[in-house]
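Those sequence lines, one after another, are chains R and G.
Numbering follows this note's numbering, with no gaps: position 206 of the first sequence is 193.
Numbering follows this note's numbering, with no gaps: position 193 of the second sequence is 189.
Among these hints, one or two may not hold up.
List of simulated lysine-lysine pairs, DSSO-like, C-alpha gap at most 30 Å [to be verified]:
#, chain 1, residue 1, chain 2, residue 2
1, G, K487, G, K235
2, G, K349, R, K225
3, R, K232, G, K133
4, R, K124, G, K349
5, G, K287, G, K99
6, R, K241, R, K260
7, R, K288, G, K349
8, R, K124, R, K138
9, R, K220, R, K274
10, R, K241, R, K263
11, R, K288, G, K133
12, G, K133, R, K124
13, R, K82, R, K232
14, G, K99, G, K492
15, R, K260, R, K225
16, R, K232, G, K349
17, G, K424, G, K291
18, R, K82, R, K167
19, R, K178, G, K133
20, G, K284, G, K424
21, R, K124, R, K288
22, R, K48, G, K349
23, R, K82, R, K21
24, G, K235, G, K99
25, R, K280, G, K133
Think of the hints as simulated: they come from the structure by calculation, not from any bench.
Please read all numbers here as calculations on a predicted model, not as lab measurements.
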Amino acid sequence: MRLALANSVKQFAAVLAAAAALSPLPALAWEPAKNVEFIVPAGTGGGADQMARVIQGIIQKNNLMTQSMVVINKSGGAGAEGFLDMKGSAGNPHKIIISLSNIFTTPLATGVPFKWDDLTPVSMLALDEFVLWVNAKAPYSDVKGYLEALKTAAPGGEFKMGGTGSKQEDQIITAAIEQKTGAKFIYVPYKGGGDVAAQLVGGHVTSSVNNPIEAVSQWRAGELKPLCVFDDKRLAYKTSVTADKSWGDIPTCKEGGLDIEYLMLRGIFMAPKVTKEQVDYYVDLFKRVRATKDWADFMEKGAFNTSALTGEEYKAWLGKAADTHRTLMEKAGFIAK
Amino acid sequence: MEALTSLIGGFSVLADPMNIVYMFVGIALGVLIGVLPGLGGANGVAILLPLTFSMSPVSAIIMLSSIYWGALFGGAITSILFNIPGEPWSVATTFDGHPMAQKGKAGEALTGAFTGSFIGAFFAVLLITFLAPVIAKFALQFGPAEFFAVYLLTFCSFVGMGRESPFKVLAAMTLGFALAAVGIDTVTGQLRMTFGSVELLRGFDFLVAVIGLFGVGEILLTMEEGLAFKGKSAKINPKVVFQTWARLPAYWAGMLRSAIVGCWMGITPGGATPASFMSYGLAKKFSKNGKNFGKGELEGVVMPEVAAHAAGTSALLPMLTLGIPGSPTAAVLLGGLLIWGLQPGPLLFVEQKDFVWGLIASIYLGNIAGLIVVLTTVPLFAAILRIPFSVIAPIILVICAVGAYTVHNAGLDIAVMLVFGVVGYVFKKLDYPLAPLVLALVLGDMAESSFRQAMLVSQGHLSIFWSNPLVGSIVTLALVMLFWPAISAIKARMTKGTRHAAAE
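For reference, chain R alone in the conformation it holds in the complex (with noise of 0.2 Å):
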């Protein structure tokens, strides 16, 4: 350890002094010797594993890096395995982590012993929203008569819920309804987005609460329909995703008497223990790659929230957040005895 700690040291030396020597610009105070591991703590092809290597694609066209990166799954016990290797890895600069609300639900819903602050964090990217899909053949089209059809359904037989995942978002939003209108759904947990959607279609389910981009395919085909956005105001979207509507015109669950708000970070962390010039490096990092074009394009394909956060007020933001977990999952009592 000693020793790989003196290498690193003898590395970064040389890179400061290459650095110093070759490139006009300021120097930075750090700059990462070797490959920086991105770890997604979920599976290849999730929303998260896009997010990673789009953004790795980004850094690798606009030479953002002088080193490369390396995106790597691990998604073992919810992304618990992820987590807890950021976790063993303190002091490590060259380990960052992409993190989803599985950061504050799973080690609720299993026990493992992780919490968010274990980790430092670095900064927000993007907040992905959630929206209230239902097949486009449903009798309603708004979220009122969504929710008197929820009302006089028979209790527990007729309306399913589809979602990723079992105690993660999708479920805690499925929770929040049941909390807000004493409805009672029979949540059923699929693997990924994707299939959710397609089980909508295929009738199997009869709503589901789908990120835009896992869904926005068979809205513009004509096969769901989206009754409302979890979110406090509209998206800002107005371009035309079909023939006459934009993300923008969907309203919030809220206009409609459904007064939840969730939406899902998207943001990066690095392990314990890191110095305040390395946080720094990442977060100047990202800021570039938020300011390229390409990334533009990514966050309106998806419909993401842009919101973007650092520092003290993105510690704020998820301070608040994971309190905001504990509680709905200890009403829904999703957290592990």
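The hints should help you fit chain G onto chain R, whose structure is shown.
Positioned in the frame of chain R, the structure of chain G alone reads:
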């Protein structure tokens, strides 16, 4: 006819020489990825995905899908030569492929596997070309009950026929289910059988187990038997390709059946791995040479390969038209599509004609190119068996270890692989079958979660498995398969009885 015009348009997209270059590069890389166990198609495509962001979407998908074809072809090579399945769907290929290689018929086995792959893919791509819109809708009928029915059919068509004692089959399968249950339970979100260990969180990966059970186990057995490959005497004869081809037309009925099974599994989307197992099981049951399966029967190599490649190819259809990936590799390609700005879904065929038909045309050309590439290497690969065992065994072990590590970038998986190697050796010595264990390990958690989803939906009523004609007929078919030995015995007795009656 509209499909034909579009297809010709697709071929004109391919006419760009750079695209042809990307295709050959992709296939060569894919074969390499397929040969290296652990570095599966999904990993390979994921690693190379960022490289393609600067290409045009058409070139990028041609290169990545060619990697996928190459991996499908390449998976068979190590299965046959060393009993190490490079990909999950080539496990069934080892059952007869490796015994053939031991008998000195590696050339025939490789030719049969490659040609079978090609036939399967060709069948599937014809289906995609002409029936895409009709078939795409079919996948939507599949809810949890239907998925479970398909997995049940796979299990039932694979068991209930073995030469092995049914108790040994059951024991092996139960062990497989137990191993598959380790890790997170997707239905409740709870951890199971991890005993507080971080390493067990990810469960037992099928690939790691298979590399150990088959690859390492085989090396242990060979060491015991005297440090030599049994297939050493293989004659390398370039004519082997044509001689094998001459034998293939006799299997047309079986190949058609496997192709249909494969396409169906790819579209539904059950995937290439169950398709290959199911097709092997069906072939064993219905072939005239069924009793020779497992001892080195060419038919036993061709059938799973036809099905695996048909499934691998047709898995692209639900991906393109519905956005549901039919395989892990398709899931990564799907991510790629989104990044290139293409939205998979019902409208892709309408809005991105160039892209879709360019891709379909590249499936035709990619598979022809792939077949040529791999067939020319048959003598080369068969010649590997002539290298002394003492030289090649350590190399295989290292490749196995690298493969096991690559699956999850976890050092412990190498130890797990070695343990599975010993298990594989003990199973062989005690004459326990490995196939049911592997099958349960790969399909166990999927079968379990679809069963429990179905139970959630129906609130615990088993009647959901007969709730509509589709699921009802699959489940009934599965039960018939399971009790086939009993049914055929009764049938035999009855015909015997009528003959007696007629004689009297």
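Numbers of unmet hints, in rising order: Violated: hints 1, 6, 10, 13, 14, 15, 18, 25.
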